[in-house]
Amino acid sequence: MAMSKYRIGEDPDYVPIGRRLLLLNWTLVLLIAALSGIGFAMLYSAANGSFQPWAERQMMRFAVGSALMIVIAVTDIRVWLKLAYFSYFVALVLLVGVEIKGDIGMGAQRWINLGFFQLQPSELMKISLVLALARYFHGLTVEDSGRITLLIPPLLMVLAPAALVLRQPDLGTALLLIAGGGVIFWLAGVRMWKFALILGSALAAIPIGWQFLRDYQKNRVLTFLNPENDPLGAGYHITQSKIALGSGGLFGKGFMLGSQSHLNFLPEKQTDFIFTMLGEEFGLVGGLALLALYALVITYGYVIALRCRNQFGRLVAIGVTSTFFLYVFINIAMVMGLIPVVGVPLPLVSYGGTVMMTILVSFGLLMSVSIHRDIRISRQGNDDGRN
Amino acid sequence: MFTRRALMLGAGKGVLLTGLAARMYYLQVLESDRYRTLADENRISHRLLPPPRGLVTDRFGAPLAVNRQNYHIMIVREQTPDVRRTLEILDQIIELGPDTIERVERDVSRRRSFVPVTVRDNLTWDEVARVGVNAPDLPGLIIDAGRSRDYPEGPHLAHTLGYVAAVSEKELTGDPLLELPGFTIGKSGVEKVYDLALRGTAGTSQVEVNALGRVIRELEREEGESGNTVVMTLDLELQRYANQRLSDQESASAVVMDIHNGEVLALASHPSYDPNAFTNGISHKLWNSLVNNTYAPLSNKAVNGTYAPGSTFKMCVALAGLEAGIITPNQKFFCSGHLDLGNARFHCWKRGGHGWMNMHDSLKHSCDVYYYEISQKIGIDRIAAMAHKLGLGEETGIDLPNERSGLIPTKDWKEIQLGKRWQGGETLIASIGQGYVLATPLQLCTMTARLASGKAVRPHLTRDHVTPEGVTSREAEEFPDLQVSRVNLARIRDGMNGVTNELRGTGHGARIKIKGMEMAGKSGTSQVRRITMRERQTTGVLGNDELPWKYRDHALFVAFAPVDNPRYACTVVVEHGGGGSSVAGPIVRDLLLKAQELQSARQGISAANLPNSAQLRPRPAQNNRNEG
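From first to last, the protein sequence lines stand for chains A and B.
For the first sequence, the working numbering assigns the number 1 to the initial residue and increments by one for each residue that follows.
For the second sequence, the working numbering assigns the number 1 to the initial residue and increments by one for each residue that follows.
Read the hints as simulated data drawn from the structure, not as lab findings.
Glycine included, C-beta positions come from ideal geometry on N, C-alpha and C.
Errors might be hidden in some of the hints.
Computed beta-carbon distance windows for the label pairs [said to hold, decoys possible]:
1. A:G37 <-> B:L7: 28 to 34 Å
2. A:M192 <-> B:R214: 53 to 59 Å
3. B:R34 <-> A:M192: 39 to 45 Å
4. B:Y25 <-> A:G343: 22 to 28 Å
5. A:G200 <-> B:I216: 52 to 58 Å
6. A:A63 <-> B:R34: 38 to 44 Å
7. B:E218 <-> A:L250: 41 to 47 Å
8. B:V15 <-> A:I206: 19 to 25 Å
9. B:M8 <-> A:L250: 32 to 38 Å
This is chain A alone, in the form it adopts within the complex (with noise of 0.2 Å):
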């Protein structure tokens, strides 16, 4: 069914901005409000019932980048699939710029700093890279994915911002990476053999990879295996974490009267322990409370998905949506001592600005999705490619 060039105005598919808004899922506003509410109620707590220095400027981000999220849900979702590659492009090219950086600077430096803003490519690279494959896969059909020739172009997609990413050292993120593309690999009909070779050269690869990891690296894993063997040295983080949230019980020791979080047994607990905190101070009744309320936006995710009628707002959907998900799983998870000590925050409700907007721009991505859910996108990507 071809179809001549449309002007804007023209476009049967133009929705106006007003109804726009009204498209605009409210509810998972909502949830996500909820969430990043809890976490300025955490963020007061862990400052012993001050809004300085965290909760306050959680807030101030949360304002900035709940604006953001919504000027980019009721952007057309055309936009964002023409500069799908471009954004992956610029953020590679941030990417090699930080690993350039770093060599002359300190260690680990992650992020540019823009003067207003301290950028992180990597955090980027997270939003980019889900565009750019769910672009790539928006243009296969479901024969093309299984061709091998075909799917070499996106894995090296995949795999290079990884190594760049695992070289600054990140574990943590180079593991969101992997684990986000690997996701709309999937969607994208990839065959479960493949799959099966990857993964099992992945692990074939362990005891290779082993020796490029950091010492600390190595600590970290040596560490989860064995957390009481060094108390106090690298396995000192987890055995608080989880004498923490044990300690908790059922109902939480109250508001603001977690030992363990205000004697400082725990470490960092306004960043990636924050979890524990509410675990110590609201029970395995907060714990749980908490983890449906994500639960319950990861099924908006899935719900937005499967309603969206174009392959790359699918894609987009499910893909930050998983991002969303590893975040939370990785980061309760090692809280918990199920994996290793890997620097993942809690999305929402961690402290932390370029988390908080790397996860409202996504949610931006979302709901763009959601409000244009009913477009068709041809395979080249423009509108006169129609299917």
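Put chain B on the given structure of chain A with help from the hints.
Just chain B, lined up with the frame of chain A:
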């Protein structure tokens, strides 16, 4: 395709999230108790509160060992804007000196910012006041009051009381109290023997601490119990007097005890040291000078010094003979100045001899040949048995550490210890308290008390039984009878009376002239070197004045008083002092006189007016005994 895979993916996520929930349940419900305990262990720190050490007093309640407030000044880095500046201001108020300032700055930089660092110890009250007045200029300075042991009598009672000092590595028993910084325990004397009773029980303070160990607040506090007060049998006034009387000598010791109940009234060893020097750590220099001193000031010679008892042993030999029925009091032996046994010649101290001697005269004149004669008939083993009966050759069991048991030889002893047969001549030498025979001054005093009382008296230093569980009153201790004929004992006492109170008795010059207070005693002059035949023949026996100090004779004297109704026994040993009756005798006389004078002076005071009569129990009816 997409939908199916998306749902599979979603299901996978659901499983993982369920896994997280399960883990949460495991940690927060199943393992919760364990982690709660661990969290409390993190959060709650138990601190020990050291209990005040028990006091030691004399028999009338006069303080002998007390706890003194000890002020020290500390600085907390985080509370002072500039450590150096604060210390400089403090330096102008109380002298610190550049070394101290430097040390404190170094210590401060090493510790966490909230940990107090001691700037100076032992502040005088005046210094405390001056710092207090200037407090506004001295932010971050804390004056803290601790306790340190103080001995008001200083060297007077050092040997008996002992001293306390910091716990050494070897003394750690696992009791956490011992690991507290600045905690001290008894290292010698009564402080050591009754250490557990004096120590008390520690209090505890539960505090909440953060991860850095800073105390956030106190949760619970349980005060400890201070140690028990130990009331000594010592009479401080008599003790001071004994020290004073010994102070003219180079090295000497004295014991005064109650012959009925074994209470030691004075126990002196000269020279002495100041136990206060140990409380806050003794300097190396002072320690070395104490250890290397010829006159051994650290040793309590009254219980740790052993000496050949010399002629003071003669009562024991005579009593052994009487009890065995081998000699009678009036049986006479001839003293020609020496006695030949085999081809050895044994000399009497008196050249030319004493002539015919009965038992009374042999004691009065301290004739050696008489004892050579009777000892051959009695035999060493009977003498040894009597010596043990009188408390020699074994520890008296006094409540002091490291008591020596002395030595009373027997045939078996020699065979086992030296692997040689006993020689007949050795019995002769033993009979005049020379040779292998060794005794401590305390044993000799116990012997005298037993001769005077006829009971197996044992000396002790505390008025009550003191155990870590508490203080229980000493039952009016009835010592068992000595199992020696009263008549024979009276004959020995009569001989001792002759020594001091009869003209030409060896101790006549040291007699007590006050009626009703007279003492009966026995001198001893024990040789510490061998007098060779050559010396006897050429220069004659050298006088003590002609010999270096350490070759001079030990001077000993034992006595009890009053003669008619004995109450006190006393022994004085002056190391290398010369003649027993001339050097030790007068000291014994003065001590026994003083003891009786104090007794009669105190009798004038009614019992209710004694300083702390409430704590003191009435003594077994003795107060009226020696009024005559």
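Hint check:
1. A:G37 <-> B:L7: 28 to 34 Å: holds, 31 Å
2. A:M192 <-> B:R214: 53 to 59 Å: holds, 57 Å
3. B:R34 <-> A:M192: 39 to 45 Å: holds, 42 Å
4. B:Y25 <-> A:G343: 22 to 28 Å: Cβ of B:Y25 to Cβ of A:G343: about 26 Å, so the range 22 to 28 Å holds.
5. A:G200 <-> B:I216: 52 to 58 Å: The hint (52 to 58 Å, Cβ to Cβ) holds, given that A:G200 and B:I216 are roughly 54 Å apart.
6. A:A63 <-> B:R34: 38 to 44 Å: holds, 43 Å
7. B:E218 <-> A:L250: 41 to 47 Å: violated, 29 Å
8. B:V15 <-> A:I206: 19 to 25 Å: holds, 24 Å
9. B:M8 <-> A:L250: 32 to 38 Å: For B:M8 and A:L250 the Cβ distance comes to about 34 Å; the hint holds.
The structure fails hint 7 only (numbered hints given earlier).
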